[in-house]
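Enquirer: Residues per chain, in single letters:
There are 2 protein chains.
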Amino acid sequence: MAIDLDEDTLQFIRAHRVGRLATVARDNKPSVIPICYVFDGERVYSSIDEKPKSVAPEQLKRVRNISANSAVALVVDDYAEDWNELRYVLLVGLASIILPGDEDDEHRKAVQQLRNKYVQYRDMEIDKRPIIRILVTGIKQWAPKKKGDDDAKED
Amino acid sequence: MAIDLDEDTLQFIRAHRVGRLATVARDNKPSVIPICYVFDGERVYSSIDEKPKSVAPEQLKRVRNISANSAVALVVDDYAEDWNELRYVLLVGLASIILPGDEDDEHRKAVQQLRNKYVQYRDMEIDKRPIIRILVTGIKQWAPKKKGDDDAKED
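Top line first, the protein sequences correspond to chains F and E. So for the first sequence, our numbering puts the first residue at 592; every next one is plus one. So for the second sequence, our numbering puts the first residue at 592; every next one is plus one.
Some hints here could point you the wrong way.
[As the list claims (entries may be wrong)] Derived PhoX-like pairs: lysine-lysine, alpha-carbon spacing no greater than 20 Å straight-line:
1) F:Lys-652 / E:Lys-731
2) F:Lys-700 / F:Lys-731
3) E:Lys-731 / E:Lys-700
4) E:Lys-652 / F:Lys-731
5) E:Lys-708 / E:Lys-719
6) F:Lys-652 / E:Lys-652
7) F:Lys-719 / F:Lys-736
8) E:Lys-700 / F:Lys-736
Derived from the structure by calculation, the hints contain no laboratory data.
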């Protein structure tokens, strides 16, 4: 695995139900939306048909953005009124679209993971729809500095 | 006001305590982090010293990104296990940094708004630190299509 990931961070990412995905359009302007996802330690998968949609998948801005620029960022975080409890994990990587019936069976396995994590997907035909795959190339995290900590770096 | 904003959407944005801000680096890769913010209907303000920091403000990635590319996006959303209750509002705009003692007194007013919304800021010296100002140029929102709705567009 190319990325440095301890068990606690892995669990933090996997346990959260929603993350926010940033993509960049052809004109270099960013977009950001909430997504449901699974993370296997190397790759993030997110169905682009997770919720009722009224447009074709390839017309979705996130899909058009990924086609133009595969660099994406996903943040998973905790907000709390006690700001000592704040925490976020930022995953950066390269996104692509995978389709049903791919050679490696990757789409089917991703659907399975998504349905394991989200019971909501079990009644939805996500097996027939494209999935965003993010190959994670870097992880950064931040939490408030506590006594005895090394310097926490922040973005 | 250049943007189309109804009272319900305004309240949705203002009532939330955390949003996620996407910026784009010089190499056109995105970043995204949780931020605290206020919104006056036209401009978003966010202190870049909202939490304990260990690096100088100008070294923060979000500040470097804004210097390289002022286009930003901020999402404010609700997640719920009942996916009929999902909702998000996406604000896009142009970011810049404002400093204490500016001619228009904008920094001081922003600090006041931030301290009104977040009691946590009242004991913090955000009046001495830079603030990110986002001039909002567009708002999009999404919620699941309900019976009788027009088509909901999604990113």
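Enquirer: If a hint holds in the structure, say so; if it doesn't, say that too.
Expert: Status of each hint after checking the structure:
no.	hint	result
1	F:Lys-652 / E:Lys-731	holds (12 Å)
2	F:Lys-700 / F:Lys-731	violated (27 Å)
3	E:Lys-731 / E:Lys-700	violated (27 Å)
4	E:Lys-652 / F:Lys-731	holds (12 Å)
5	E:Lys-708 / E:Lys-719	holds (18 Å)
6	F:Lys-652 / E:Lys-652	violated (25 Å)
7	F:Lys-719 / F:Lys-736	violated (45 Å)
8	E:Lys-700 / F:Lys-736	violated (29 Å)
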